[in-house]
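Q: Below are the chains, spelled out letter by letter.
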Amino acid sequence: MAHAETQQHPISTYFKVWGILFVLSALSYMVDFFQVQGYARWFLIILFMMLKAGLIVAVFMHLQWERLALRCAILVPPLSLLVLVALMALEADYVHLTRVLFLGG
Amino acid sequence: MNPLGSLGAKPWLQPAQDVPAWGRLPFAPAQVGLAIFMAVVTALFGLLAAAYLMRMTLGDWRPLPEPPILWLNTLALALGSAALQRSSTLLRRGDPARASTAFVAGGGCAGAFLAGQIAAWAQLDALGYFVATNPANTFFYLLTALHGLHLLGGLAAWARTAWHLRSAPGARATRLGVGLCAAYWHFLLVVWLALLALLMADDAGWMPAMHHGAGTG
Amino acid sequence: MAVGVILAALVVGSVIFSLLSPWWFTPLASNWGTIDDTLIITFVITGAVFAVLMLFMAYAVARFRHRDGARADYEPENRRLELWLTGATSVGIAAMLAPGLIVWNDFIRVPEGASTVEALGQQWSWSFRFPGADGVLGTADTSRITAENPFGLDPDDPRGRDDVLVSGGELHLPAGTPVKVVLRSTDVLHNFYVPQFRAKMDLVPGMVSYFWFTPEKTGTYEILCAELCGVGHSLMRGTVVVEDEGTFRPWLEQNPTFAQSLGRRPEQDVAEIRDEVQGEGGAEP
Amino acid sequence: MAQTAFVDEGLDHEHGHEPQGFIAKYIWSQDHKVIAIQYTLTAIAVGLLALVMSWLMRMQIGFPGSLEMVDQERYYQFVTMHGMIMVIYLLTALFLGGFGNYLIPLMIGARDMVFPYVNMLSYWTYLLSVLVLVASFFVPGGPTGAGWTLYPPQAILPGTPGRDWGIILMLVSLVIFVAAFTMGGLNYITTVLQARTRGMTMMRLPLTVWGIFVATVLGLLAFPALFVSGVMMLLDRLLGTSFFMPAVLSQGEMLEYSGGSPLLFQHLFWFFGHPEVYIVALPGFGIVSDLISTHARKNIFGYRMMVWAILAIGGLSFVVWAHHMYVSGMNPYFGFFFAFTTLIIAIPTAIKVYNWVLTLWRGDIHLTVPMLFSLAFILTFVAGGMSGLFLGNVVVDVPLSDTYFVVAHFHMVMGVAPILVIFGGLYHWYPKVTGRMLNDTLGKIHFWITFLGTYAIFFPMHYLGFVGIPRRYFEFEGIAFIPDSAHLLNEWITIAALVVGAAQFLFLFNLAWSAVRGRPSGANPWRSTTLEWQTPETPPGHGNWGARLPIVYRWAYDFSVPGAAEDYIPQNRPPERDAPGLHGSLRAEGAAP
Ligand code: HEA
Ligand code: HEA
Ligand code: CUA
Ligand SMILES: [Cu+2]
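Chains as they are written, first to last, in the working numbering: chain A, 1 to 105; chain B, 1 to 217; chain C, 1 to 285; chain D, 1 to 593.
Worth flagging that the hints you see were computed from the coordinates, not collected in a lab.
Not the full set, but computed from the structure, chain B residues with beta-carbon under 10 Å of chain D:
#: 1; residue: Phe27
#: 2; residue: Phe45
#: 3; residue: Asp60
#: 4; residue: Ala132
Backbone N, C-alpha and C fix where the C-beta goes; we use that ideal spot for every residue, glycine too.
Between the sequences and the hints, there should be enough to build the whole structure, so can you do that?
A: The structure is reproduced here in structure tokens:
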């Protein structure tokens with residue numbers, strides 16, 4: 001079950017990945033910096049976090065080249081859960097808004 | 001090599017002489033089964049978290065004080081998880097006697113955790129935080145109860161494995177069983193920590209967009 | 001052969017059925033002709049694809065049915081063909097989706113200057129509320145409902161005092177003005193549905209939903225409840241009468257305002273009204 | 001854990017001991033084949049119950065008042081139980097518990113599921129959930145009549161039939177079903193991943209296994225949502241909590257609830273509910289692919305695309321749920337997102353349809369009964385899918401939602417198409433299960449009545465939806481916009497439904513009669529390539545493969561390979577050494593693109 005052959009990653013790949021990680025981290029800080037509030041904030045932070053995690057898993061753990069299937073299988077369910085969480089949060093705000101506007105509370 | 005096989009392969013082109021290996025994941029079926037089960041349980045608690053976040057925003061949410069005993073319980077669960085891990089390591093190193101001790105200690109800690117959770121319920125109940133008084137309470141009871149039930153299920157497997165550990169400490173199946181119990185305990189610990197964070201969230205005030213006060217009515 | 005012919009006949013029959021069907025939309029009575037148009041676009045595209053694809057299948061079945069000595073082709077895939085088909089399908093989908101989303105954008109945006117009316121549903125009847133002279137509906141909540149205050153209006157809210165209350169399940173609307181229908185339920189889900197208007201929306205207890213339309217044709221239409229709400233669901237009917245402004249006004253004025261319904265003059269003091277209402281037991285049953 | 005050895009490399013060791021005695025063999029059996037039959041028979045039994053309820057409903061719609069027993073309460077109870085049983089207890093159980101259990105180990109060359117004990121437990125838990133469900137017919141107030149969607153607040157308030165006991169038993173039964181499904185599902189997935197025989201890579205799996213596999217993954221992730229919403233509603237009903245319940249004034253009485261949101265339930269329910277409809281569609285897609293390929297003697301066209309499409313549909317199905325809520329009062333901006341994702345799903349689905357049709361093209365089509373059912377499946381599924389596009393396109397859904405158009409859509413796509421696949425599958429695999437063929441003439445009669453009959457029931461129903469006739473209506477008395485001709489049409493639909501329903505008993509007779517009197521089939525009557533047809537015994541014995549496991553040398557679709565002597569090559573047939581044949585040449589071709 002061992003790796004039949006170990007993939008060689010050109011050093012440039014690592015630099016590119018570092019670059020992207022850097023950008024993603026910067027984006028996370030931006031969220032903080034621009035004081036994005038409410039659910040958007042958490043949605044974005046979690047999104048960037050997951051992207052970073054995904055990238056690291058994919059590249060440094062040699063998933064990217066071989067395990068497309070596995071990666072999708074692992075990433076899709078939590079992503080769809082995340083969509084649910086985000087939309088539910090929006091929905092809650094909407095419902096609450098109609099209550100405040102029309103129902104007096 | 002790729003456990004799932006490459007999805008890009010053209011199966012009709014593969015030379016017929018070639019008999020590729022199974023392409024199975026390098027784990028025992030029970031390990032794979034447990035991993036899938038953990039994914040299902042994650043979905044379960046993830047959905048509850050989604051419901052929690054939505055319900056929290058609807059205006060009538062009154063956070064309840066988390067009884068301090070929860071910290072003690074958390075400690076117990078963490079210790080249990082560590083003990084099972086230790087047991088698994090010891091067993092692999094060929095020390096079934098000490099492994100058994102650690103294993104029993106792990107189960108004991110889980111028992112203590114459950115007892116502590118019930119104590120937490122009793123405290124809240126005494127303070128008048130009943131299940132139906134407020135959704136915050138309901139979620140607290142529901143989440144802890146579901147988590148406890150999963151741990152209880154784990155204890156059933158634990159008991160079986162403990163018996164194996166007595167009767168056949170050297171068997172491969174026993175080693176596997178102990179390892180699985182440890183993994184499940186770690187998982188439940190992580191779930192518990194996540195739940196705890198969620199339950200504490202409204203208290204600590206760091207959760208976003210909360211509309212406390214002004215209920216309907 | 002026979003099977004291919006039957007399949008083809010079924011497809012052709014379906015097309016003919018569609019063309020000749022006496023069962024078709026009720027005549028449109030609102031501004032939502034665009035919804036009908038989108039539907040027709042969808043119908044034409046999907047109908048054409050269905051007919052072509054299924055006739056092709058019928059032909060294949062007839063043509064390639066088993067004959068002695070015949071042998072099937074061996075063709076694992078054809079990337080070019082598959083890409084081409086995927087592309088064509090995407091175009092077809094886009095052609096349906098784009099107009100759909102544009103009309104939806106209109107559907108959810110109430111135009112400036114629309115008047116407002118509230119439809120209140122309960123098992124199994126309808127009542128309605130107009131905002132009165134100030135043009136704003138007062139806040140209202142299920143937990144405030146009493147026998148005297150069947151709409152659950154907030155007596156503290158001055159905007160609610162002039163609200164016109166209509167019970168009895170008959171709603172009148174002036175033709176030609178856009179109206180935002182605000183929906184509220186006291187018990188379970190209901191749905192305000194007038195087939196001739198095309199639009200519909202659920203009434204959800206604990207929140208307020210809405211939709212808008214412009215009644216364009218005068219006449220009397222049936223309101224149906226289109227969300228299962230218990231054993232009386234199919235009997236939960238109402239009427240909406242679309243008429244010109246001249247007939248509408250007098251009708252509206254016949255109905256009592258909230259203050260009148262409590263036996264007060266509209267200008268009477270808020271506090272007095274509150275005492276009156278809450279003296280009767282307020283929110284508590 | 002003791003089962004570990006089961007899938008070890010040295011699989012060829014002697015497989016356990018065959019259980020002795022009737023009870024061990026047929027009742028408390030851990031053999032996947034027996035469990036599959038148990039699942040199938042139980043599912044068919046409750047399915048018949050749901051069928052009878054559809055008759056009673058249709059009688060009320062076509063000939064109002066003709067049956068005294070169908071009053072308003074009963075009508076809604078029948079609608080609810082009919083829908084719930086058909087979707088969950090019949091289709092889900094039959095596809096996964098029945099077909100999944102039987103076919104997975106056989107098709108991948110395993111001796112059994114990896115956790116046979118859990119598998120057995122899964123069946124008995126399923127049976128328990130069925131019994132709880134059926135029990136709700138006998139409690140005071142009868143079963144719940146809240147519609148299969150069980151929307152609160154209605155489901156737990158007075159004014160809805162069965163709100164005392166029926167709803168409680170319904171929810172309990174669903175929670176038990178989820179447990180049963182989880183046990184089964186863990187098995188199916190682990191088995192597919194870990195018990196494949198040597199040479200059986202994922203991309204050599206028959207599409208049936210792919211369909212069942214992905215459907216199971218969907219189920220494992222979606223059913224928790226049903227579980228969560230079920231438990232929360234139970235608490236609302238029993239303890240008076242307010243998850244889904246806002247302040248409500250029920251029949252003049254102010255209840256203790258406050259603050260909850262009915263929309264929360266709808267989101268959770270459809271987060272389960274939409275994947276659920278693909279859970280019952282994907283196995284059908286898989287099975288029909290194999291049936292078409294086998295009976296057209298041609299390799300499935302675009303195998304890789306088929307696999308990707310299954311995966312894409314599975315993934316996408318988790319982000320379209322709110323297309324059931326366009327007119328629910330949810331945040332209206334969601335409409336854009338969900339209309340977009342919903343229509344996107346049509347693309348991978350369309351690919352599957354094209355590939356089925358292209359498989360027929362230049363095939364050598366044997367119009368056997370399974371093939372007939374497959375053709376009928378394609379036609380009805382495409383018809384139903386097209387009406388799905390109407391509904392998915394938000395604004396077009398507005399006039400059509402909650403009308404008979406929706407009823408027509410989901411019956412075409414779910415009540416007819418997958419049911420036709422089930423029939424096709426049963427005709428196809430019956431010889432493997434019993435060693436005898438089903439009677440062909442009866443089969444053809446059954447096919448034509450069922451296919452043309454169901455089309456006659458549900459195709460015109462779309463037009464009732466265009467007229468605007470609402471669904472879940474006990475009666476249409478005094479609704480002026482409904483023309484008389486629509487009532488006439490309803491009568492015809494009812495008659496067709498009665499005929500189609502009756503034809504199913506022909507099929508049941510065929511099942512029973514052929515088990516004893518049917519023509520012996522031999523091991524591989526359809527000259528099929530997949531492994532289940534290559535077992536040393538028919539029906540397969542305990543452990544499936546005798547002394548040695550099969551080894552797989554090729555994909556599942558080597559039909560009509562140029563240069564081969566026969567028009568099919570089983571997956572486990574070793575290549576003739578140095579055969580110059582096709583594989584070499586194709587490979588060369590593929591190498592130089
Ligand atoms: C097996 C079950 C199944 C399947 C596969 C589907 C498939 C689809 N469904 Fe359906 N649906 C149900 C079962 C199913 N549905 C049920 C049970 C309900 C009602 C529940 C209730 O309320 O009780 C429902 C309700 C329902 C609604 C809600 C209606 C309402 O309540 O108002 C919607 C709305 O978007 C919808 C859409 C779709 C779409 C877009 C698809 C698509 O996946 C269809 C895709 C397929 C095709 C499109 C055909 C193949 C394509 C081609 C051949 C190419 C065509 C190319 C062009 C047209 C360019 N469905
Ligand atoms: C797989 C799902 C499925 C199936 C097969 C059917 C089959 C049928 N259904 Fe139903 N139906 C639903 C799922 C299904 N239905 C759902 C989810 C609802 C919504 C409920 C709700 O609103 O809450 C509904 C609602 C519904 C209504 C709407 C009621 C209303 O809104 O007021 C009607 C009305 O005509 C109807 C009719 C029928 C008829 C005549 C049949 C059949 O009789 C058609 C002809 C028969 C067959 C095609 C044979 C089927 C085979 C079996 C039943 C099993 C036996 C198996 C073997 C022998 C192997 N159904
Ligand atoms: Cu109100 Cu249905
Ligand atoms: Cu759907």
